[in-house]
Every structure is written in C-alpha cells, then in structure tokens.
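Student: Generate the whole structure from the sequences, applying the supplied hints.
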Amino acid sequence: MRGAVFLGVLALSVAVSTGFCPKAECEDKAEFVIPNFKANWFKAMEYCHYLGLKLTRVRSADDQLRIEVAINGTDKGTDTEFWTGGNDLGDQRNFHWYSTGGRITWFNWFDVESSYNQRRNYVDQASGNCIYLGYQNSDDLWKWGLGSYQDARYFICERNLS
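The numbering of the sequence shown is my numbering, which starts it at 19 and goes up by one.
Please keep in mind that the hints were generated in silico from the structure rather than gathered at the bench. Heads up, the beta-carbon is just placed ideally off N, CA and C, and yes, glycines get one too. A hint or two may mislead.
DSSO-like mimics (lysine-lysine), calculated; alpha carbons at most 30 angstroms apart, straight line [stated by the list, open to error]:
#1 K72 <-> K161
#2 K56 <-> K94
#3 K56 <-> K161
#4 K56 <-> K72
#5 K72 <-> K61
#6 K94 <-> K61
#7 K61 <-> K161
#8 K161 <-> K94
#9 K94 <-> K72
What follows is a list of derived Cβ distance ranges for each label pair [what the hints assert, rightly or not]:
#10 K61 <-> G108: 17 to 27 angstroms
#11 E64 <-> N178: 32 to 42 angstroms
#12 D109 <-> D169: 18 to 28 angstroms
#13 N54 <-> D109: 15 to 25 angstroms
#14 R121 <-> G95: 25 to 35 angstroms
#15 N54 <-> R111: 25 to 35 angstroms
Tutor: Written out as structure tokens, the structure is:
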C-alpha cells in the first residue's frame, strides 16, 4: 500500500510541475519535466535518469525559449534557478553537456556580452562548475550562471535528446 501511495505522489509531483503538459494523462508526451523539489546537481542528474530522462541541454536561443515556456507554465515562474546538464567538472572552464559529452558551443551567461573574452572573464570570476538557468529581473531575461554542484536548485529534465 505504501508503495502505491509513493508512486501516486511521485506521479503527481512530476505531472504538476511540467511546463508543456500539466495533466498526468499527457505526461509521457511532455518535452520537459520540472520536478517539484530542489536537489544538488548530482541528485538532479540521478533523478532525471530515474525518470528515463536527462538534465536538459540548451544548445540555442530556440532551445532556451522552449525551456522558458516550460518553466513559465509551472508555479515556479521567475522566482528561482534551475540546473541544466552543463558543467566543467571534468575539464576546468571547458564546458560540456553531461548527457552527450558534447562541448557547449552556445552560451547565455549573466551580465556579459557575447564576445569570447567577456565570457571567459565571467567564467574565470565565477565560483562553481555547474550551469543553472536563472531569471535576471533587471533585463526581464533568463540567463546562465555557475553554481556549486552541492547547491540545491530546481532542475529541468529533458525527454528527447536529439
């Protein structure tokens, strides 16, 4: 009985959080799943795997826009930060998507222009190795930041990695 209750609560927490498909009956069609709890980066990765998903990648402005729509469809809105699958844990200041090992080629860091030198300055001054997506109130935009893998944040699981 406890197992059935746990599974029911688990399904509800995932279904309520999903941006594109908030109803339980369409959960398996949602591109992104945003669980209703915070976790450190490794626990977030583990939980996404448990669901058969991966921590999300943000490969372009279009990818980020789809993720923003999913976030805005939850009760979390612009109040928090969300882990992605980007990190430099294996090679300091060379960022890769953990799910594919592919190098990150599109960036959207907080408070920097798009030039290579400015990105490097931000990254060199930031603490942390894992990329999160956070809301920048001053510009009304979602941007990337670096955080310690130990920090608890909400996170975004992605269904289709193409």
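Student: Each hint: holds or not?
Tutor: Cross-check of the supplied hints:
A threshold of 30 angstroms between alpha carbons decides the hint, and for K72 with K161 the separation of about 20 angstroms falls inside it, so the pair holds. For the given pair, K56 sits about 11 angstroms from K94 by alpha-carbon distance, which is consistent with the 30 angstroms threshold. For the proposed pair K56 and K161, the alpha carbon gap of about 19 angstroms is at most 30 angstroms, so the pair holds. Restraint check for K56 and K72: satisfied, since their Cα atoms lie roughly 16 angstroms apart, inside the 30 angstroms limit.
Between the alpha carbons of K72 and K61 the distance comes to roughly 12 angstroms, so the proposed pair stays at or under 30 angstroms and holds. Between K94 and K61 the CA atoms are separated by roughly 19 angstroms; this keeps the pair inside 30 angstroms, and the hint holds. Distance check on the hinted pair: K61 and K161 sit about 22 angstroms apart at the alpha-carbon level, within 30 angstroms; holds. With a C-alpha separation of about 16 angstroms, the suggested pair K161 and K94 falls inside the 30 angstroms cut-off, and the hint holds.
Taking the CA atoms of K94 and K72, the gap is near 20 angstroms; set against the 30 angstroms cutoff, the hint holds. Roughly 19 angstroms separates the CB atoms of K61 and G108, a value that falls within the hinted 17 to 27 angstroms. Distance hint check for E64 and N178: the Cβ-Cβ separation is about 20 angstroms, which falls outside the suggested range of 32 to 42 angstroms. Distance hint for D109 and D169: a CB-CB separation of about 21 angstroms, consistent with the stated range 18 to 28 angstroms.
Evaluation of the 15 to 25 angstroms hint for N54 and D109 yields a failure: the beta carbon distance comes to about 33 angstroms. At about 31 angstroms, the CB distance of R121 to G95 agrees with the hint of 25 to 35 angstroms. Taking 25 to 35 angstroms as the suggested C-beta distance range, the pair N54 and R111 conforms, at roughly 33 angstroms.
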